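J.: Chain by chain, the residues run as shown.
Protein chains: 2
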Amino acid sequence: MGSWVFFDVDDVLYNATLLKRMARENAVLAMVEAGLPVDFETALKTLLSIVAEKGEDYPRHFDDTLRALGLKVDPRVVAAGVVAYHDTKRAFLKPLPRVFQTLMSLREDGYLLALSSPGVPVKEWEKVIRLGLHHFFERAWFGEPDEPRLERAVRELEISPESAVYVTARPEAVDAAKSVGLLTVRIRSGGSASLDSTVGPDEEVLWAWQAGEAVRSLLPKR
Amino acid sequence: MGSWVFFDVDDVLYNATLLKRMARENAVLAMVEAGLPVDFETALKTLLSIVAEKGEDYPRHFDDTLRALGLKVDPRVVAAGVVAYHDTKRAFLKPLPRVFQTLMSLREDGYLLALSSPGVPVKEWEKVIRLGLHHFFERAWFGEPDEPRLERAVRELEISPESAVYVTARPEAVDAAKSVGLLTVRIRSGGSASLDSTVGPDEEVLWAWQAGEAVRSLLPKR
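Protein sequences, first through last, are from chains A and B. Each residue of the first sequence is one higher than the one before, starting from 1 at the first, in this note's numbering. Each residue of the second sequence is one higher than the one before, starting from 1 at the first, in this note's numbering.
Pulled out of the complex, with its shape left as it was, chain A reads as follows (with noise of 0.2 Å):
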């Protein structure tokens, strides 16, 4: 039997730092183009501030945006944004570069694969398979904080935790990851890149297409 390799979604097999930005900028392209009277770079600082205030979950940036630059909230304007945001979403979610052969490499070395993130399960999947990734994953956790959704995925296995490796770009993801007991590969890219984990990973790589190098020689092929 193999071991198993859990990867993280967000800028581990897709750039989601650079997607959001990208997305984050059309929509208020977009904006003016429907008719917001304010130009590009106050509006996108506007809706940036709204982001770093309010979360990047939140489901309302885009009226908040038109509240807080003192104007009504028109629904074509949202609307318009909203539109161009997910456009861009579907047009350029692609994997990292060397992503797929890195984890189409794992699996001819007999490494098992999984999924796991924090997110939203059907939205994590959406990702996924949009990314064209999804057949490589045999299991999946998704949904819960870091430390209970990966102490779940390991009893759920029935294997000891330092058999195992997660992948992730997220440092409170190695911290969470270390205190389970399981094996972590950092991905120093993305968001996070300046921030690190209060707990050291056992390996640390640039890129995601590093990683794979990283695995083996934390977890050698049996």
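Derived by calculation from the structure, the hints in this document are not laboratory data. Since the model is a prediction, treat every value here as computed from it, not as a measurement. No residue lacks a Cβ here, since even glycine has one placed at the ideal position from N, Cα and C. Take the hints with a grain of salt, since some may be wrong.
Unchecked claim - Some but not every residue of chain B turned toward chain A, in silico, with C-beta under 8 Å:
id, residue
1, THR17
2, LEU19
3, LYS20
4, PHE100
5, GLU108
6, GLY132
7, HIS135
Add chain B to chain A, keeping to what the hints say.
T.: Chain B alone, transformed into the frame defined by chain A:
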């Protein structure tokens, strides 16, 4: 070293027959919507007769359809058809069921995979890239008739033809591959499903996802 398996593209990796039908139906719908003064059924029947007469790769199907209907060629109507045709192909170009898993498991068993089809090289790559399957294939031979193309592949790989398999849905490609000396797996689906090759294939299956077992039976894993 593993054994080589060559894959045709149309009706092997994706359902080319169904996709073309959907794209043409959507194109006619868009042309009617853009002002073509003919009902959907008549316009579609005329388009299909033009395709049958001029061949699949003729670049002026929509212009000729308007002419055949006794109308002036309206660039706006033709453009509406072209846009809908390409949008449909873009939205619905997906691998046939279990093709991803078939390719993945052949690779996991050590087979070496290649592409081989007579189409225009850039267009064939465009399809395989949009399907998200391109990284599975180590080599590709496109753009020549079946026999010289397959001969060239065998020569360039320096293999004996009877140590490699060609998987195709086209009866004429079975004959070409047999004359080159390759093992053949015929997939009996798509537009040519009812046609027979002159020389029988080594294995015949109904669906692309059964090709993996057929390949393994002809060319056991080494």
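J.: Hints first: check each against the structure and report whether it holds.
T.: Quick rundown of the hints versus the structure:
1. THR17: With a minimum Cβ separation of about 22 Å from chain A (threshold 8 Å), the hint on B/THR17 is violated.
2. LEU19: violated (17 Å)
3. LYS20: This hint is violated: B/LYS20 lies away from chain A, its Cβ roughly 22 Å from the closest one there, beyond 8 Å.
4. PHE100: For B/PHE100, the interface hint holds, since the closest Cβ of chain A sits about 5 Å away, which is under 8 Å.
5. GLU108: Since the shortest Cβ distance to chain A is 5 Å, the answer is holds.
6. GLY132: holds (3 Å)
7. HIS135: Result: holds, 5 Å to nearest chain A Cβ.
Going through the hint list in order, the structure does not satisfy hints 1, 2, 3.
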